[in-house]
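Enquirer: Each chain, letter by letter, is given below.
Protein chains: 2
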Amino acid sequence: MNHLVPLDNLVAALSRLPGIGRRTAERMAMTLVQDRKGLMRILANALLEADDGIACCERCGNVTLTIKNPCDLCLQPRRDAQILCVVESPGDIMKIEESGGFQGRYHALMGRLSPMHGTGAADLRVDKLLRRIAEENIEEVLIALGTDVESDATASYLKEILATRAVKISRIAFGLPAGSAIEYSDSATLARAVSGRQKMD
Amino acid sequence: MNHLVPLDNLVAALSRLPGIGRRTAERMAMTLVQDRKGLMRILANALLEADDGIACCERCGNVTLTIKNPCDLCLQPRRDAQILCVVESPGDIMKIEESGGFQGRYHALMGRLSPMHGTGAADLRVDKLLRRIAEENIEEVLIALGTDVESDATASYLKEILATRAVKISRIAFGLPAGSAIEYSDSATLARAVSGRQKMD
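Chains A and B supply the protein sequences, listed in that same order.
Residue 3 is where the first sequence starts when you use my numbering, and the numbers rise one by one after that.
Residue 3 is where the second sequence starts when you use my numbering, and the numbers rise one by one after that.
So that you can see chain A by itself, here it is in the shape it has in the complex (with noise of 0.2 Å):
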């Protein structure tokens, strides 16, 4: 096979996607260049546009329009700007609004601390949370980051590096998910359930 370089580079770009291994890459690009309808324009053209028109809000990581920075979020004078969320990635902060569950402001890490991928804290955006925690007037930090190792290590290293700041700190509430059954929880949802275990007024 000759080699076609246009290709080749295609393929490589592709395979970088997440969860995109050279097979699947592959294949894409075999599906894109046999395509009759203009896909692989009307992809470029996408990826054009959303590189253009959409970035993450520097104050709070959440995905915006370029044009709208700081983001809606950040500017809606309703909500309760006293009350900071801190999550994992942007795609984080459209679930927790998605639930309606809570109304403060938000601050996205861009990751959690993981020695596996070389991911520190400074890699995270820690710096520009302890500058607002101070310059809004913060008063509780909740820590929306989930349950595995990474995120526990990062919430931890949250906790410590806050323990001097004026801020109450507190964690999402691990339990059973919405319509479960004890009968059907494994042992680790239960524990956490049981240590997690509320006064009911």
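Take the hints with a grain of salt, since some may be wrong.
Each pair may be met inside one copy or between any two copies, as identical chains are not told apart.
As the list claims (entries may be wrong) - EDC-like cross-link-like pairs, simulated, lysine to aspartate or glutamate; straight-line CA separation at most 20 Å:
1) 130 with 37
2) 130 with 74
3) 97 with 10
4) 161 with 150
5) 170 with 142
6) 130 with 203
7) 39 with 60
8) 130 with 162
If you are wondering where the hints come from, they were derived from the structure by calculation, not from laboratory data.
From a predicted model like this one, the values you see are computed outputs, not experimental measurements.
Following the hints, position chain B against chain A.
Expert: Showing chain B alone in chain A's frame:
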């Protein structure tokens, strides 16, 4: 959540890639937005360069540089010009070339008969195949399609319309894959291996 049109468009375009559902497309889009190494633009440029630089050979359908059309495989004088291997897609040409087992020329149909997906004979490059058989003095048409129902239907259809032409029609052999044993073969494979038995010389 406010609607971000460029993000929605990107997710829609990514969803059109083979094997990519809405969820995966959303995850890809978020990764691209957060990426700090310019992956969004790298991928866009790779797509634009592939769209400009790569095309399907007008003669055989093989993927080739736009500036080399007809492709190298069609023009190589050393290849046997009298046997034409009919495949479903350009990817199949690559696979057979890698095998080193075929030295003739190719013809990709760009699909197979599939009432389920609305692909009829008119959507395949059959007219072109008939023209090539006449113009290029083809002596043998080797049908290199798979063994599923749609491929079998396509092979039968080709056999029928080629019946009146002065060409030998053959189909690739089905039987035990290389390195396999009777013990581990399924019934359908064994049945075809027996019915397709070959005389030992």
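Enquirer: Now tell me, hint by hint, if it's right for this structure.
Expert: To see whether the hints hold, each was checked on the structure:
In this homomeric assembly, residue 130 and residue 37 come within 20 Å of each other (Cα to Cα) only across copies, at 18 Å, whereas the closest approach inside a single copy is 45 Å. For a Cα distance limit of 20 Å, the shortest separation of residue 130 from residue 74 inside one copy, 19 Å, qualifies, whereas the shortest one across copies, 57 Å, does not. Within a single copy, residue 97 and residue 10 get their C-alpha atoms only as close as 36 Å, which misses the 20 Å cut-off; across copies the closest is 16 Å, which meets it. Within a single copy, residue 161 and residue 150 get their C-alpha atoms as close as 16 Å, which meets the 20 Å cut-off; across copies the closest is 59 Å, which misses it.
For the identical chains of this complex, residue 170 and residue 142 are intra-copy neighbours only, at 5 Å inside a copy versus 81 Å across copies, given an alpha-carbon limit of 20 Å. Taking the closest pair of Cα atoms, residue 130 and residue 203 never come within 20 Å of each other, the shortest separation being 38 Å inside a single copy and 79 Å across copies. Within a single copy, residue 39 and residue 60 get their C-alpha atoms only as close as 37 Å, which misses the 20 Å cut-off; across copies the closest is 17 Å, which meets it. Proximity of residue 130 and residue 162 under a CA criterion of 20 Å is satisfied intra-copy only: 16 Å inside one chain copy versus 71 Å between copies.
Checked against the numbered hints above, the structure breaks only hint 6 and satisfies the rest.
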